[in-house]
Amino acid sequence: MELSAPLIQLDLITPQLIVLAAAILLLLLPLFWRSLRREFLAAIALAGIAAALAATFWLWSRPGWGFAGMVTVDRFALAFQALFLLGGLLTVLISFNRIEEEYVQHGDFFGLLLLALFGLMVMTSTTHFLVIFLGLEILSIALYVLAGYRKMRVDSLEAALKYLLLGAFATGFFLYGVALIYGATGQLEMAHIREAAAAGGAGWLLPAGALLVLIGFAFKAALVPFHMWTPDVYQGAPTPVTAFMSTGTKAAAFAVLARLVSIAVPVETIAWGPVLAVLAVLTMTVGNFMAIVQSNVKRMLAYSSIAHAGYLLVALAAGNAAGRSAILYYLLIYTLMNIGAFGVIAWLGRSGREERLTFESYRGLGYRYPFVSLAMAAFMFSLAGIPPTGGFLGKFFLFAAAVRAEYIPLVVIAVLNAVVSVFYYMRLVVNLYMREAEEPAEAGKAHPLLIAALVIALIGVVWLGVAPGGVLGAFNAAATAGM
Amino acid sequence: MIPILFFFFAGLAIASALLMVTHKNPVYCAIFLIITFFALAGLYFLLGAQFLSVVQVIIYAGAIMVLFVFVIMLLNLSEEVRLPAGRRLQSGFGIVFAAILGVQLLVIAAAGTRVFGRLSGDTPVSGTVERLGAALFSTYLYPFEIASVLLLTGIVGAIILGSKKLPKEQ
Chain A
1 MELSAPLIQL
11 DLITPQLIVL
21 AAAILLLLLP
31 LFWRSLRREF
41 LAAIALAGIA
51 AALAATFWLW
61 SRPGWGFAGM
71 VTVDRFALAF
81 QALFLLGGLL
91 TVLISFNRIE
101 EEYVQHGDFF
111 GLLLLALFGL
121 MVMTSTTHFL
131 VIFLGLEILS
141 IALYVLAGYR
151 KMRVDSLEAA
161 LKYLLLGAFA
171 TGFFLYGVAL
181 IYGATGQLEM
191 AHIREAAAAG
201 GAGWLLPAGA
211 LLVLIGFAFK
221 AALVPFHMWT
231 PDVYQGAPTP
241 VTAFMSTGTK
251 AAAFAVLARL
261 VSIAVPVETI
271 AWGPVLAVLA
281 VLTMTVGNFM
291 AIVQSNVKRM
301 LAYSSIAHAG
311 YLLVALAAGN
321 AAGRSAILYY
331 LLIYTLMNIG
341 AFGVIAWLGR
351 SGREERLTFE
361 SYRGLGYRYP
371 FVSLAMAAFM
381 FSLAGIPPTG
391 GFLGKFFLFA
401 AAVRAEYIPL
411 VVIAVLNAVV
421 SVFYYMRLVV
431 NLYMREAEEP
441 AEAGKAHPLL
451 IAALVIALIG
461 VVWLGVAPGG
471 VLGAFNAAAT
481 AGM
Chain B
484 MIPILFFFFA
494 GLAIASALLM
504 VTHKNPVYCA
514 IFLIITFFAL
524 AGLYFLLGAQ
534 FLSVVQVIIY
544 AGAIMVLFVF
554 VIMLLNLSEE
564 VRLPAGRRLQ
574 SGFGIVFAAI
584 LGVQLLVIAA
594 AGTRVFGRLS
604 GDTPVSGTVE
614 RLGAALFSTY
624 LYPFEIASVL
634 LLTGIVGAII
644 LGSKKLPKEQ
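First to last, the sequence lines map onto chains A and B.
Each residue of the first sequence is one higher than the one before, counting from 1 in our numbering.
Each residue of the second sequence is one higher than the one before, counting from 484 in our numbering.
What the hints contain is simulated information worked out from the structure, not anything from laboratory work.
Treat the hints with care, since some could be wrong.
[Stated by the list, open to error] On the chain B side, residues computed to face chain A include the following (Cβ under 7 Å):
#, residue
1, L624
2, P626
3, L633
4, G640
5, I643
6, L644
[To be verified] Cβ-Cβ distance ranges computed for the label pairs, FRET-style:
#, chain 1, residue 1, chain 2, residue 2, range
7, A, V419, B, M548, 19 to 25 Å
8, A, P409, B, G616, 26 to 32 Å
9, B, G637, A, F57, 29 to 35 Å
10, B, A592, A, V278, 31 to 37 Å
11, B, I497, A, F289, 46 to 52 Å
12, A, E360, B, V586, 49 to 55 Å
13, A, V154, B, Q573, 25 to 31 Å
14, B, V586, A, G172, 56 to 62 Å
15, A, L28, B, A617, 31 to 37 Å
16, B, G637, A, G200, 38 to 44 Å
17, A, L416, B, V549, 52 to 58 Å
Ideal Cβ placement from N, Cα and C applies to all residues, glycine included.
Throw the hints in and build the complete structure from the sequences for me.
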């Protein structure tokens with residue numbers, strides 16, 4: 001039998017290979033040198049991520065396809081890769097806090113984090129469902145373990161178990177959907193699926209499969225009504241892992257969904273607009289109103305991340321290039337502000353022996369710790385969407401795309417929701433600055449790397465809110481690539 | 484010959500599956516499950532999917548069953564433990580899902596080859612190891628290599644969760 005080897009273009013997957021190499025190095029090195037400083041391990045992780053980021057920028061001007069159609073490196077994929085790498089970078093930096101420092105010294109933590117990053121990158125730089133599945137599983141398995149990394153804590157184990165069970169459930173939905181799509185068209189590659197569907201009536205199997213794939217990713221992106229696991233998992237998982245999960249997984253889910261609705265199963269087969277609009281309204285409203293009643297800051301941010309998925313769905317429902325570009329822009333800002341907010345929680349996370357997680361425990365910190373409180377206030381303003389932060393501009397682009405596609409009632413509901421969200425974000429700011437603590441609040445000194453993460457996130461959030469030009473131009477190019 | 488074998492394996496699969504569900508002793512249930520897996524492997528073989536049938540025996544009848552038996556042994560199950568009665572919601576859900584499954588079966592049976600004809604009609608199915616290997620090392624080379632990273636992640640994760648070296652908490 002003749003073997004025809006596919007065209008192996010390793011240059012297309014350079015970023016993935018660099019991240020994988022760094023991950024394996026991080027897993028192996030501590031076996032030979034037992035007493036490595038965690039700063040050294042973090043330096044390997046950061047160097048790997050930075051090199052991968054550089055490779056991503058290098059590929060920007062030479063997109064391509066390879067490995068017998070299994071790898072699609074268009075600008076859309078590259079934009080998402082850069083986004084993930086930025087998220088991974090910030091996550092490594094905010095791991096330097098007093099709660100996590102005793103966990104991250106073995107190298108496995110960063111190793112698994114980079115493997116999860118690898119999964120994210122594999123998943124988005126392809127249009128083949130088989131590769132999407134493999135990337136998704138690499139990501140999920142790494143995150144199950146990371147969520148339960150604090151093995152001695154019941155809530156961490158609870159988070160890991162809940163995430164595992166519902167994650168497996170979600171994967172089941174996704175696989176069943178892919179199987180139906182394959183049954184309907186005989187194809188697994190998105191463009192081929194579209195061609196096969198256009199050539200002959202695929203019947204009801206194709207829309208059914210597409211909806212099941214949507215449900216699978218709805219679990220991963222925490223869309224209502226598939227969000228039940230989110231608060232418990234976000235609360236129990238280590239804070240840096242929560243930050244990574246809430247940004248990276250959500251971004252990857254939206255990347256695949258954007259490709260699903262615009263390439264694989266176009267609107268002629270299934271009316272995505274109404275389906276996604278209903279999901280968006282549910283997700284925004286439930287997320288915001290549940291966030292109001294939370295007393296735990298991590299749970300509040302979990303529901304807020306659900307609400308933000310709803311805003312992103314508004315632009316996805318619009319289904320145009322402006323919507324995809326807005327999704328990218330918003331996800332970039334969301335990565336910065338959300339990881340920033342979790343970074344502040346990681347810094348202030350412990351007063352003495354108790355974890356500081358209620359709103360009340362943030363009282364009186366505003367003037368004692370001006371920098372970190374200012375950063376938190378900026379992230380909260382940005383999450384609420386108040387100018388001049390990036391959150392405002394991001395929401396503006398999302399809703400503008402939906403207006404362009406004439407989803408006026410949907411945008412009205414979204415704006416009302418954004419107004420509601422101001423309440424609970426401001427509650428934290430009020431507690432920081434305007435309430436007196438019963439006893440003097442102590443936060444301790446922060447690690448320079450954690451401060452670096454907050455500075456990067458802060459600069460990013462303000463910069464993207466003031467000068468969107470260059471980034472938006474790049475994302476506009478990404479949104480039209482390969483669609 | 485093939486129809487006889489088909490009915491033999493199909494009958495065996497159905498009968499042992501029924502016995503597995505109805506039997507009270509968990510160990511017998513596990514054994515009937517193994518028989519079901521073997522019968523399914525035979526069916527795969529008849530369909531021309533040799534590799535799948537071997538994998539079915541190795542993975543399902545071998546590895547996964549060992550896991551089942553281990554769990555039964557560790558939990559020291561001898562007799563069936565009855566769930567507390569009166570779980571109306573659950574039995575309601577069960578009936579609904581059983582109805583959905585039944586309707587699906589009827590639809591598929593009624594549609595016959597119309598739904599699935601296209602797949603089996605277009606491409607001659609042959610699941611020999613040779614063909615599979617050729618596919619894995621040509622078209623599917625990239626997913627094949629990525630799958631090794633997936634396995635690596637699983638192994639590393641299992642070691643981290645299972646290792647005794649617990650970080651001190653507070």
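Each hint tested on the structure:
no.: 1; hint: L624; in the structure: 6 Å, holds
no.: 2; hint: P626; in the structure: 5 Å, holds
no.: 3; hint: L633; in the structure: 5 Å, holds
no.: 4; hint: G640; in the structure: 4 Å, holds
no.: 5; hint: I643; in the structure: 5 Å, holds
no.: 6; hint: L644; in the structure: 6 Å, holds
no.: 7; hint: A:V419 - B:M548: 19 to 25 Å; in the structure: 57 Å, violated
no.: 8; hint: A:P409 - B:G616: 26 to 32 Å; in the structure: 56 Å, violated
no.: 9; hint: B:G637 - A:F57: 29 to 35 Å; in the structure: 32 Å, holds
no.: 10; hint: B:A592 - A:V278: 31 to 37 Å; in the structure: 34 Å, holds
no.: 11; hint: B:I497 - A:F289: 46 to 52 Å; in the structure: 50 Å, holds
no.: 12; hint: A:E360 - B:V586: 49 to 55 Å; in the structure: 54 Å, holds
no.: 13; hint: A:V154 - B:Q573: 25 to 31 Å; in the structure: 27 Å, holds
no.: 14; hint: B:V586 - A:G172: 56 to 62 Å; in the structure: 20 Å, violated
no.: 15; hint: A:L28 - B:A617: 31 to 37 Å; in the structure: 33 Å, holds
no.: 16; hint: B:G637 - A:G200: 38 to 44 Å; in the structure: 39 Å, holds
no.: 17; hint: A:L416 - B:V549: 52 to 58 Å; in the structure: 57 Å, holds
In summary, the numbered hints that this structure violates are 7, 8 and 14.
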